[in-house]
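Participant: This is what each chain is made of:
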Amino acid sequence: MTLENKNFDEVVLMIPHARRLGLRLLEREDDYFVVEMPFTADLEIIPGSGLMANGAITAMLDTVLGAVAYGQFETFRRIVTLDLRVDYFEKPRPFSSVITKCRCLKAMDRVIYVQGDVFCKDEQSPIAHGVAVFSSAEMEARK
Amino acid sequence: MIEAFLSKLKDQQDFDESLEISPYAKMMGFRLVRQDGQLTTVMKFHGDLVGSPFPPALHGGTVAALMEMSALMQLVWNVDQIHIPKTIDITIDYLRSGKPEDTFSKARIYRQGRRYATLHTEAWQSDPAKPIASAMLHFQLG
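Protein chains in written order, with this note's numbering: chain A, 1 to 143; chain B, 1001 to 1142.
Simulated from the structure, these hints should not be mistaken for lab results.
Check each hint, because a few of them may be wrong.
To be verified - Derived lysine-lysine pairs resembling DSS-like cross-links, with alpha carbons at most 27 angstroms apart:
(1) K1026/B x K1008/B
(2) K1106/B x K1010/B
(3) K91/A x K1026/B
(4) K1008/B x K1086/B
(5) K121/A x K1086/B
(6) K1099/B x K1044/B
(7) K1026/B x K1010/B
(8) K1086/B x K1026/B
(9) K91/A x K1106/B
(10) K1130/B x K91/A
(11) K101/A x K1044/B
(12) K1106/B x K1008/B
(13) K1010/B x K1044/B
(14) K1099/B x K1026/B
(15) K1086/B x K1010/B
Let the sequences and hints guide you as you build the complete structure.
Facilitator: This is the structure we're talking about:
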């Protein structure tokens, strides 16, 4: 299964935490993904504030950056996050959904470098930025 | 509100409290535990935390969220300030795959100045000597 023949939403349905975050694909081109996380009350860090938890944003980035890394290969690969850094520029707009646009910086056989911006409405004013490194390995038969 | 919650706990020696005052923390199954004077944030395992069904493993983002919460709790515990510190950044190293079981995190204040604080955290499962992830965070104070 690759993202070429499975669409993102189907893959997300297989990842319980991504499903719990309500992630859905808005746009996909060859070199980037745009994914939305709709606002829901149980993603609020403080009840009634309308502020989505940083943790949810970090988990969204981890998921979508991983999907970009995964999408770099024709064959099924095991994709593992080596590191992830998230810069939080400003708080999300209250009660607003959060969108991320992620792209691959460089893909090699074993190591994939990816980055993504996070914004609410305006792509030109990001609220966070993530950069991650993933490793990939051919699937091995389990012993 | 979270500060009021914590200040009430400060009078107690040992405790094991759900962080359900925060809807997100409740959804994640976070608990705050104090034992022998040390704070630990716990993420109780449940199915919504899974990132890879076969073989079942925790979603890396949930481990990052746990470590951020543990750093924030440690900082608010130590700093006694009215406003919740703003997270500037987090850098996570993933060390081992997370099993579908409870996960624990402790944070250490590496440096605390007047304006900023730097914290290091680790997350582990059955064996504290084998962390599944570590993270470094910066917070803005005041």
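Participant: All the hints need checking, so say for each whether the structure fits it.
Facilitator: Hint check:
Pair hint K1026/B plus K1008/B holds up; C-alpha atoms about 19 angstroms apart against a cutoff of 27 angstroms. A hinted pair counts as satisfied when its Cα atoms are at most 27 angstroms apart, and K1106/B with K1010/B qualifies at roughly 17 angstroms. Only pairs whose Cα atoms come within 27 angstroms are accepted, and K91/A paired with K1026/B is accepted, the gap being roughly 21 angstroms. For the given pair, K1008/B sits about 22 angstroms from K1086/B by alpha-carbon distance, which is consistent with the 27 angstroms threshold.
Of the supplied pair hints, the one linking K121/A and K1086/B holds, its CA atoms being roughly 22 angstroms apart against a limit of 27 angstroms. For a cut-off of 27 angstroms, the pair hint linking K1099/B to K1044/B stands: about 12 angstroms separates their Cα positions. Under the criterion of a C-alpha separation no larger than 27 angstroms, the hint pairing K1026/B with K1010/B is consistent with the structure, at around 21 angstroms. For the hint pairing K1086/B with K1026/B, the CA-to-CA distance comes to about 21 angstroms; that is within 27 angstroms, so the pair holds.
Taking the CA atoms of K91/A and K1106/B, the gap is near 25 angstroms; set against the 27 angstroms cutoff, the hint holds. Only pairs whose Cα atoms come within 27 angstroms are accepted, and K1130/B paired with K91/A is rejected, the gap being roughly 34 angstroms. A distance of roughly 31 angstroms separates the Cα atoms of K101/A and K1044/B; the hinted pair therefore is violated under the 27 angstroms criterion. Proposed proximity of K1106/B and K1008/B is supported: the alpha carbons are some 20 angstroms apart, at most 27 angstroms.
Distance check on the hinted pair: K1010/B and K1044/B sit about 23 angstroms apart at the alpha-carbon level, within 27 angstroms; holds. For the suggested pair K1099/B and K1026/B, the alpha carbons sit about 20 angstroms apart, so the restraint of at most 27 angstroms is met. Between K1086/B and K1010/B the CA atoms are separated by roughly 22 angstroms; this keeps the pair inside 27 angstroms, and the hint holds.
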